[in-house]
Amino acid sequence: EAAVTQSPRNKVTVTGGNVTLSCRQTNSHNYMYWYRQDTGHGLRLIHYSYGAGNLQIGDVPDGYKATRTTQEDFFLLLELASPSQTSLYFCASSDPGSSAETLYFGSGTRLTVL
Amino acid sequence: GDSVTQTEGQVALSEEDFLTIHCNYSASGYPALFWYVQYPGEGPQFLFRASRDKEKGSSRGFEATYDKGTTSFHLRKASVQESDSAVYYCALAYTGNYKYVFGAGTRLKVIA
Chain A
1 EAAVTQSPRN
11 KVTVTGGNVT
21 LSCRQTNSHN
31 YMYWYRQDTG
41 HGLRLIHYSY
51 GAGNLQIGDV
61 PDGYKATRTT
71 QEDFFLLLEL
81 ASPSQTSLYF
91 CASSDPGSSA
101 ETLYFGSGTR
111 LTVL
Chain B
1001 GDSVTQTEGQ
1011 VALSEEDFLT
1021 IHCNYSASGY
1031 PALFWYVQYP
1041 GEGPQFLFRA
1051 SRDKEKGSSR
1061 GFEATYDKGT
1071 TSFHLRKASV
1081 QESDSAVYYC
1091 ALAYTGNYKY
1101 VFGAGTRLKV
1111 IA
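In order, the protein sequence lines correspond to chains A and B.
Numbering-wise (the working numbering), the first sequence opens with residue 1 and increments by one.
Numbering-wise (the working numbering), the second sequence opens with residue 1001 and increments by one.
Derived from the structure by calculation, the hints contain no laboratory data.
Quick caveat: nothing in here was measured; it's all calculated off a predicted structure.
Built from N, CA and C at the ideal position, the CB exists for glycine as well.
Just to be clear, a hint being listed does not mean it is correct.
Stretches of chain A that chain B covers, calculated by requiring three or more beta carbons in the stretch to come under 8 Å of a beta carbon on chain B [as the list claims (entries may be wrong)]:
(1) 44–53
(2) 102–113
The calculated lysine to any residue pairs, modelled on SDA-like cross-linking and capped at a C-alpha distance of 25 Å, are [said to hold, decoys possible]:
(3) A/K11 / B/G1041
(4) B/K1099 / A/G17
(5) A/K11 / A/L78
Isolated chain A, as found in the complex (with noise of 0.2 Å):
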């Protein structure tokens, strides 16, 4: 079975706080995503990579930066974090392969900016 932990569960900050959030998978996949969760929006993709020290830009990245460390690690950064970042965080992992894969979800990160 897929795992994928995220650490914290949840965190409060003041508005210009930084934070940093962590992803671990343990099923050796290459693809890691960080997705938010807002109501109305759905699933909205931040960044994703496909290996260590590989980023890839997704659909709403502004103010927020993200860094993969190794094939199982992978974190989003808010340097500057405002009201507008408060939401609901998770990370994916997926299988490489010949067709569209299965995307393994955490239990997410509420996050929230005062």
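Following the hints, position chain B against chain A.
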């Protein structure tokens, strides 16, 4: 760009009712189509997929048929249970391109 539209934002049913959640897509190519389900406090999880026209995907009593003509992939279940209460996401993705496009989600509440 590509998009996925789920018509219903919320659906409320009684146990043993028939479920339909509508999903229509707009795509420049020939994507695979997916349904994901998200239970409270959890991340979305894969339900099933279909990769070509007229293919039916199914799992746990849910099913959907890829219809290229009507650009649809509607989710159906003959008899829902309270445990089916969750948010359901329709999505598309292309072979060789790992970016998914998700619909806005449909929240299903089943009353016992």
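Hint-by-hint comparison with the structure:
1. 44–53: holds (count 4)
2. 102–113: With 7 residues closer than 8 Å to chain B, the region 102–113 of chain A meets the three-residue bar; holds.
3. A/K11 / B/G1041: The hint holds at about 15 Å.
4. B/K1099 / A/G17: Measuring from Cα to Cα gives roughly 30 Å; hence the hint is violated.
5. A/K11 / A/L78: Within the cut-off at roughly 12 Å; holds.
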